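Novice: Could you put the whole structure together from the sequences, leaning on the hints where they help?
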Amino acid sequence: MNPQWRSFLESAQGHFDGNSTELLNFGDAAGELQAARQQTVVVPLTHLALIEATGEDAKAFLHSQFTSDINHLGANQVQHAGWCTAKGRMQASFLAWRQNERYLLALSADLQEASQKRLQMFVLRSKVRLATLTDSTIMLGLAGPQAEEALAESGLPCPASPMITDQQGEITVMRLDGTRFAVLAPASAGEALWQKVVGKARPAGTAAWRWLDIQAAYPLVTLATKEEFVPQMADFEKIGGVSFHKGCYPGQEVVARTQYLGKVKRHLFRLTSQQALKAGDVLHSPDNPDQSCGMVMTAAPSPAGGYEALAVVQSNFSANVRLGSLDGPPVQAAAVNP
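If you read the sequence shown in the UniProt record's numbering, its first letter stands for residue 1, the second for the next number, and so on.
These aren't lab readings, by the way, just hints derived from the structure by calculation. Quick caveat: nothing in here was measured; it's all calculated off a predicted structure. Idealized CB from N, CA, C, for every residue including glycine.
Here are the simulated lysine to any residue pairs, SDA-like style, with alpha carbons at most 25 Å apart:
1) Lys196 <-> Gln34
2) Lys196 <-> Ile171
3) Lys117 <-> Gly247
4) Lys238 <-> Ser161
5) Lys200 <-> His15
6) Lys117 <-> Glu52
7) Lys200 <-> Met163
8) Lys200 <-> Arg6
9) Lys226 <-> Asp69
Pair by pair, the computed Cβ-Cβ distance ranges are:
10) Ala29 <-> Gln167: 32 to 38 Å
11) Ala29 <-> Asp327: 27 to 33 Å
12) Ala152 <-> Glu22: 27 to 33 Å
13) Gln4 <-> Leu326: 48 to 54 Å
14) Asp327 <-> Pro186: 50 to 56 Å
15) Ser292 <-> Ser188: 43 to 49 Å
16) Asp28 <-> Gln77: 36 to 42 Å
17) Cys158 <-> Gln195: 16 to 22 Å
18) Ser7 <-> Ala29: 18 to 24 Å
19) Val198 <-> Asp57: 39 to 45 Å
20) Glu253 <-> Gln291: 23 to 29 Å
21) Lys263 <-> Asp28: 42 to 48 Å
22) Leu326 <-> Asp166: 49 to 55 Å
Specialist: This is the structure we're talking about:
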């Protein structure tokens, strides 16, 4: 994370969790959550990192590593992509898009260093250069009924469709869904951009964006859930994150066999709980005492009180889920894609 950007956010009343990149709030965590539900918010996406892949072999290299079809990723298109182990378990998930001949990959910040280092191991003689842009680029999340107006008043373009980017000079705007956008800008432009956007959007911490991710059913892999899930367990194929028509990639045989044999018993669920939830929390069911029945992927406090989360849960035990142990507090689970 760019240290000047962090210092600026702190001067704007942003509170971080110690030395981590987790931006807790701007002084009113509860009010920020309510604003995320009803108003327009701007959230520094400090929990994400950015990797750039360039070189004449960049497209072929990424296509050979990821679960999605990078070969047919059009200019300014965005798609979900997973990166699996040989056993088909997701070790990272990305938002991937192309700008001219370079490829950009947004992922959980706690996976960036290890993921980039491991990707580099597979480059071998390919003409590919991987670079970290996290220190030179800032990312803002913008969400709510006035998000498009905030972009317009900031002199920024508004992509017409989800999973499309548009550019204004060195600034890129990505529409994630109907009312959510990600804005990427050089770190040197961060302060000026922030001052423009906050005229229409209330600053909010990372928890507000995670809550919005939960509403959008966006399954982000983090360090706490690394190598825990086959893509279909997180319904990753339902958001375009898996191609079953491309060539080989790490774990491809496992992913394909899982799909065509129809043996996926675990899927993505939304959880509600009065107890605090966090990524990596293990779930159990008294109806299945021999093993756990799921794991939390991402969680946040709820504007309605309590907590909400996305979790991978074994479907036939979802009616009786407990947090942490067989006699732990009950958790309500509802299938994202029933």
